[in-house]
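Novice: Going down the list, the sequences are from chains A and B.
To get our numbering, take the position in the first sequence, counting from 1, and add 19.
To get our numbering, take the position in the second sequence, counting from 1, and add 576.
If you are wondering where the hints come from, they were derived from the structure by calculation, not from laboratory data.
Bear in mind the structure is a predicted one, so any value in this text is a computation, not a measurement.
Using N, Cα and C, we set each Cβ at its ideal position, and we do this for glycine too.
One or more hints might be untrue.
DSS-like cross-link-like pairs, simulated, lysine-lysine; straight-line CA separation at most 30 Å [claimed, not checked]: (1) Lys607/B <-> Lys467/A; (2) Lys261/A <-> Lys309/A; (3) Lys607/B <-> Lys676/B; (4) Lys316/A <-> Lys585/B; (5) Lys261/A <-> Lys223/A; (6) Lys607/B <-> Lys261/A; (7) Lys585/B <-> Lys309/A; (8) Lys223/A <-> Lys316/A; (9) Lys467/A <-> Lys585/B; (10) Lys309/A <-> Lys676/B; (11) Lys585/B <-> Lys406/A; (12) Lys223/A <-> Lys309/A.
Derived list of chain B stretches under chain A, where covered just means 3 residues or more per stretch with a C-beta under 8 Å from a C-beta of chain A [as the list claims (entries may be wrong)]: (13) 610 to 623; (14) 673 to 687.
The residues making up each chain are set out below.
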Amino acid sequence: MSDQGPELPNFQPEAFPGAILAGAQSRLIPYAIPLRFFVAASIFQIVAWGLVAYGHVDVSAFFGGYGVVLAALHALTLGVLAMTAMGASYQLLSVATGVVLKSLLLCRLSSWLYIPGTGLLVYAMFVGNTHVMLLGGVLVVAGLALFGMTIGNVFWHTQSLQATERHGWVALISMALLVVAGLSLIVDFNTGFLGVGLLPEHAKLALSHGLLGGYGFMGFLVMGFSYVLVPMFTLSPTPNPKLAGVALGINLAGLVLAIGGVLFGYTAAMIVAAVLGLAGASIYLHLMLKALRTGMKRRLGLSFVMVRASWGLFMASIVIGGLAALVPLDFNALPLFGFILIFGWLLTFLTGILQRILPFLATMHAHKLGRRAPRLSEMGHQNITLKMHALCHAVALALVSLGIVTGLDLLVLVGGGLGVVGAVAFLWFALGVSETVMTLYRTEEQSK
Amino acid sequence: MEYSLNICKTLHSDHMATVRMLEDLEEALSKIGRNSVPNELSPELTNLLNGLVAIMQTEISSHFSFEEENLFIRLEQMGDMPMLSILRSEHDTIRPLAEKLTEAIETLLAGGMTSEIWASVYDMGMELAEREVFHIQKEEMGFLPLLEHVLTS
Chain A
20 MSDQGPELPN FQPEAFPGAI LAGAQSRLIP YAIPLRFFVA ASIFQIVAWG
70 LVAYGHVDVS AFFGGYGVVL AALHALTLGV LAMTAMGASY QLLSVATGVV
120 LKSLLLCRLS SWLYIPGTGL LVYAMFVGNT HVMLLGGVLV VAGLALFGMT
170 IGNVFWHTQS LQATERHGWV ALISMALLVV AGLSLIVDFN TGFLGVGLLP
220 EHAKLALSHG LLGGYGFMGF LVMGFSYVLV PMFTLSPTPN PKLAGVALGI
270 NLAGLVLAIG GVLFGYTAAM IVAAVLGLAG ASIYLHLMLK ALRTGMKRRL
320 GLSFVMVRAS WGLFMASIVI GGLAALVPLD FNALPLFGFI LIFGWLLTFL
370 TGILQRILPF LATMHAHKLG RRAPRLSEMG HQNITLKMHA LCHAVALALV
420 SLGIVTGLDL LVLVGGGLGV VGAVAFLWFA LGVSETVMTL YRTEEQSK
Chain B
577 MEYSLNICKT LHSDHMATVR MLEDLEEALS KIGRNSVPNE LSPELTNLLN
627 GLVAIMQTEI SSHFSFEEEN LFIRLEQMGD MPMLSILRSE HDTIRPLAEK
677 LTEAIETLLA GGMTSEIWAS VYDMGMELAE REVFHIQKEE MGFLPLLEHV
727 LTS
């Protein structure tokens with residue numbers, strides 16, 4: 020990376036996550052790279068909620084197969100969650116670990132493959148075209164592979180932030196398994212090769228694919244990043260790395276057991292997995308809540324209302340997952356589990372954190388240009404956009420959950436509609452913040 | 577973070593006091609609102625504003641000068657430090673804001689409550705709270721750990 024600045028020798032920011040700022044400005048990557056992922060994620064959030072509303076009659080009875088619900092799921096998982104994780108990882112990991120990204124071209128290339136690939140895949144799932152689905156899937160996998168190589172290289176070279184690094188490795192391994200399962204599922208739509216011999220059945224592999232994506236790839240990435248971001252925003256000491264390691268081990272054991280239980284049809288294994296998941300999540304939440312209690316900052320704003328809510332939804336997802344293993348058909352427990360895991364925990368957490376990261380990045384770019392930094396609260400019309408997003412998001416989650424449990428499709432329709440309104444507000448916020456930064460760069464260009 | 581050096585401990589406790597005071601200010605101003613001008617200042621708000629003036633005169637002004645004249649220079653001698661230019665630029669933004677806010681609060685405390693004065697105290701108070709807390713965040717996360725590392729190695 021050409022714009023890396025000088026560093027003090029031997030300074031490893033390992034004692035305190037926030038020490039990352041010692042070299043933050045010099046490791047800022049071009050704004051256009053994270054921005055394209057964040058804006059794409061904001062757009063896909065509208066698409067995902069829109070598809071939930073459009074396919075409201077199919078949501079509560081969803082048990083797999085292509086169509087509008089599968090498209091909604093992937094618009095959210097690939098389009099919003101992984102998209103946000105890619106943009107955030109490219110910028111934050113190099114800053115947080117002090118390891119310079121190997122190549123910005125790889126980051127750009129991953130976006131060129133991944134963003135249209137996701138669009139194509141979601142479209143193909145919606146219309147049920149398996150050939151286009153495969154093309155989209157290959158592009159997505161190629162983008163993810165470049166992402167994995169880039170951040171894998173950072174994890175390989177870092178000597179700091181062990182909790183984040185360990186979670187990162189587990190997330191990357193999950194991602195590798197996830198894409199193999201995903202591509203197999205797409206191919207199986209045409210060939211029906213799954214379920215033959217030792218190969219798992221389509222439905223079982225699909226559920227395992229969901230667990231790998233939700234708890235494996237995204238879940239571990241979210242937990243790993245939490246150990247940096249939450250102390251950074253609350254101004255608290257580093258969470259105990261040993262306890263973070265214990266939580267990781269228990270959660271990983273739970274995930275392996277859950278997938279084994281699903282693939283081999285052992286309900287008892289899935290129940291034990293849920294118990295392990297609850298134990299691991301409790302340790303993680305204990306560390307997070309301790310960071311909130313001991314942090315210098317008490318007023319953490321709307322973003323942390325969302326983050327706290329997401330933690331509750333994380334626990335709820337595991338409980339519902341356990342119930343779904345026992346009684347998958349009662350109260351539509353399985354679709355509810357998927358919804359709470361993905362739209363509940365992960366989406367709520369990521370939008371809560373993203374609303375902090377975007378203005379924070381904007382101020383760093385202002386400083387880089389030698390300009391007076393704009394006020395955090397003045398960017399992106401937050402008084403309207405973020406409040407509207409949070410309100411609509413909360414009501415949408417409640418209505419769609421209730422709609423799934425009761426089978427009342429109208430609730431899913433209204434919930435999905437409100438989700439769209441909230442997502443539009445979030446896009447408005449993201450574009451507003453981006454506009455601030457773009458204006459700074461335009462002014463800089465003109466002044467040359 | 578636990579610091580071993582007295583200088584870092586002192587700067588950290590300055591930060592703690594300032595963050596606490598500014599969060600209280602933000603909360604008090606938010607409760608009253610910009611457009612609902614209080615008829616008179618409550619004893620709690622008066623105490624808060626007096627405390628804020630003291631913080632701005634001592635903690636912010638002296639603290640900034642001490643850092644710039646003694647600490648930033650020492651770190652800059654070790655090489656180009658982009659973080660320090662951020663901190664200096666934030667000092668340059670916060671210092672005049674704190675001065676103007678002090679003047680407005682002193683007018684308010686002297687009995688000059690008007691809607692314009694209240695609005696300016698509100699606006700500047702909210703801006704100061706946001707900018708100074710964000711600045712402290714950077715110092716706590718980047719500057720103090722670096723300072724401790726440099727001075728102890």
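Novice: Take the hints in turn and mark each one as holding or not.
Specialist: Now for the hints, and whether the structure bears them out:
no.	hint	result
1	Lys607/B <-> Lys467/A	45 Å, violated
2	Lys261/A <-> Lys309/A	15 Å, holds
3	Lys607/B <-> Lys676/B	23 Å, holds
4	Lys316/A <-> Lys585/B	18 Å, holds
5	Lys261/A <-> Lys223/A	34 Å, violated
6	Lys607/B <-> Lys261/A	42 Å, violated
7	Lys585/B <-> Lys309/A	22 Å, holds
8	Lys223/A <-> Lys316/A	45 Å, violated
9	Lys467/A <-> Lys585/B	44 Å, violated
10	Lys309/A <-> Lys676/B	38 Å, violated
11	Lys585/B <-> Lys406/A	38 Å, violated
12	Lys223/A <-> Lys309/A	38 Å, violated
13	610 to 623	violated (count 0)
14	673 to 687	violated (count 0)
Hint compliance for this structure: hints 1, 5, 6, 8, 9, 10, 11, 12, 13 and 14 are not met, and every other hint is.
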